[in-house]
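Enquirer: Those sequence lines, one after another, are chains A and B. Mind the numbering: the first sequence is residues 1 to 464 in the numbering used here, read in order. Mind the numbering: the second sequence is residues 1001 to 1463 in the numbering used here, read in order.
Honestly, I wouldn't trust all of these hints.
Here's a subset of chain A near chain B, in silico, CB distances under 7 Å, partners left out [stated by the list, open to error]:
1) I5
2) E98
3) F310
4) L317
5) I366
6) V369
What follows is a set of in silico ranges between Cβ atoms, one per label pair, in the way DEER data are often shown [to be verified]:
7) A:W22 with B:S1073: 36 to 46 Å
8) A:Y97 with B:N1044: 51 to 61 Å
9) B:T1075 with A:P331: 31 to 41 Å
10) A:V286 with B:D1190: 22 to 32 Å
11) B:M1029 with A:I298: 49 to 59 Å
12) B:N1238 with A:V286: 39 to 49 Å
13) A:W22 with B:N1356: 41 to 51 Å
14) A:W52 with B:S1073: 19 to 29 Å
15) B:N1238 with A:R285: 18 to 28 Å
16) B:D1190 with A:Y11: 42 to 52 Å
Hints in this document: simulated from the structure, not taken from any laboratory. Quick reminder that beta carbons are idealized off the backbone N, C-alpha and C, glycines included.
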Amino acid sequence: MFDLIILFSRYLFLFYIVLFLWQAIVYIAYEQGGYLGSPSHAISIQKGLIIWLHVTAFLILSYEPGAFFFNFKTLGVALAGLIFLLLSMMLLDKFYYEGCPLIWTGMLFLLDISLIMLQRLKPALAIRQLVWMTLGIVIMLFIPFILRLIPRFEVFEYVYIIVAYALILSTLLFGTSKYGSVNWLKIGFVTFQPSEIVKFLFIFYLASVFRKRVELKELLITGTLSAGIVFLLVLQKDLGSALIFFMTYMVMLYISTSNEILFFAGMGAASAAATLAYHLFSHVRVRVAAWKNPWADIDGGGYQIVNSLFAITTWGLLGSGLTKGMPNSIPVVESDFIFAAICEEMGTLFGMGIVCLYIMLFFRGILVVIRCQRRYYSLLAAGVTTMFAFQAFLIIGGVIKLIPLTGVTLPFVSYGGSSVLVSIMMIGLLQWVNVYCEQHELGYQDSLQQKSSTTKWDGDGFRE
Amino acid sequence: MKRSAQRIFWLITLIFFLILVAMAKLVFMDRQEISSSAYNPRINYVDNSVKRGNIRDSNGDILAESIENADGSYTRNYNRSRMAAHITGYSSKGKTGVEAAENFELQKVHNEVLQRINNIIKKEPVQGNDVVLTVDMDIQSIAGNILGNKKGAIVVMEPSTGRILALQAYPDFDPNTVAQNWEFLKDDEDSSLVNRATQGLYPPGSTFKVITALAALQYYNDWKDFTYECTGEAVFENKVIHCYNNRVHGTVDMKKAIATSCNCYFAELGKRVGAENIRKKAEDFYFNENYPFVLAHSTSQVALQKKSEENEIVETAIGQGKTLATPLHMAMIASAIANDGIMMKPYIVDHIQYYNGDISKTTVPEKLKQIISVEEADIITDMMISCVAEGTGTAAQIYGVDVAGKTGTAENATGSDHSWFIGFAPANDPKIAVAVMIENANQGGSATPIAGKVLQAALQKYQ
């Protein structure tokens, strides 16, 4: 009987994510001048779906087939998670009045997937992840206040880059090794990845410099300093972060200058640098070899990727059903390879839904970039959005063997305190830019109002 | 700024679409190959609520079935035991053979929701899918009985489709008792668990001469006029080549050389064709390259290079040296010659049969590639006919049917030669192709008469 329920739940999960994405389309259609349904209604449905997803998954996870009853400890986590979700939904709207609701629901959906999968994979980690999430949301709620307290924080460009370098260098001196990369710092009981914090500083620094007119001098200085950070990260064997920083630099440069030649020249230089790194560093060669033919070295370099492919392909489109697969046979499944575990148990179609969800979040981020009139804020949003999207691409692409594997976390979903905190705070920053621009820029509101007035007004009294 | 941001959006959305495409490719195209790997821990996962499907032969007879125990779990029973052991494989202590290759199909439940509901209401078992093979147990048994307890392998194929009708190898094992005998089997000196037909790599000996001959047809323009005065022995750079039993063949052309299996002729021909050309032709025939086949199989090897020394070239030309091939692969080569030069993809699963009797689409034969032209295939066939009609292969003759074939005697490290035969019949309209390999055959039993009997039996049914 329970088998049948798990079997059925696979369709249910697929239904949840498809309906969730459809409601996003309904909302976007309204905004773009079409009408598929009421947008505020769509957001309510999305919120409901998150709760349903949470309840369905945790009922399956906490059921004990032999004992014909539920595991109380798991139910406790479920309840704590439910309270977290409900409180977040309420508070986020209050603290970020007029933030983009799709970004909120998308983020909460992913956070809930994270909770479900961690409870499934390593139950001890789920509750810890929940603590990090709560902390992240609490800190995020205060971002608007903090940013209001510091007027014109764009003038501190040198502070940002100096602190960034200090943090990166400190890992070289005092760092501890974890998963083969020397990019962790230990202070007391807490180990964290400084490169996660540097992400923030890096975006702030670049936005501060690029808000002004970019001349050759700025180009050289930012280029050299960014290349330095990327180089230090490669030295620490943190190839994923190195790539993310590089792409963020290129995108922010391109968005602020609109210069294609510069963009392609940068890409060309990066290809040359990558080739050089391939010949210079053995850890780069190992990664590439494991990507080209993981089957040649199944017990060694290819082990992770091969096991990930087994997980994704074995059960097909709908997956094995929650708790029915063997995702724990994949190394570091709770962090880098969590996407493979999702595909295994909830199905590859569901995994594709998650990819679409990232596309949707990315789309909303770029929309903020485009709408915002102030260069500095627009650039901040651009930095956050690309960093976030490219990170998701790197790890998902690596897990499915589209590109060589680089150990980065899947934003919001992978286990990891620094990762979750920084991801949530980045979304906070993006939303703050969104809110700021809506409130302070007349043109911004006008353009929105114009759109609304030309479209059908629905009875629910949609806020914009 | 607005336009550049839009462009970045499209760029990154594009790479996300690449992810979606790659995922679809994984699930729709690469799934079977990746998931049935022996390294996949999920292959040993047993869902006790599902009754694993049967493996059936082409007549519908059951080769492997699941029998319910008193406690509701299932035991796998292999009705034909050793006779089909290397085809079904085993399913305790890991999985091999069709049990491994079609593991997920056997475990997959058609109309799962309906079956599960029936299971609860009517207590009917939840039934996995049956895998129906192309193997015909009639022929498989004949091959097994003829092979007896001689170490070796027999492969019977249909040249025009690539269907495998029999795949016999000895030593074998009883799949019903693999778990009990595991301690013995796992370090068995005879490697009984290894399927010699698909995984055994042997020097192909004179059967490889068809490849050397085909290389000459393409790369050595004077092959028609080239004759050789065989004295039973020929000296090359630090290598002396003997004909079998030092027999003197006199003046030989290619046809006579194939028929009499003259080593001296082919050593000289190989030298003239050149190392690279022989290797190129062999690689056209899937030496040094894996071909698609669902059961675990080895890749045949030929080790010639531009700089190869003369002794290596002449040894390879007669199928010795570092040249190695599997019996299945040699059967595919015979099939390609029989099928006007087209090599078909070998396959062993004909279709899937569901619990309610419905069947999936039958496997459609697939062409691997046109390796040689129709004319070249005809020329070689003609030579192979004379091999059986008046040469070394007379023991494979069948009354009233023309057989084309090539014999082989392969020297090897054991000191006692392996015996080979590859061929097909009827020569003018081939229905059946075979490859027979008997290890250390001079202790009794050559491959040629065995091949004749197997061909005859198969033709009686399939002509």
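Enquirer: Output the numbers, in ascending order, of every earlier hint that fails for this structure.
Expert: Structure breaks hints 1, 2, 10, 11, 13, 14, 15.
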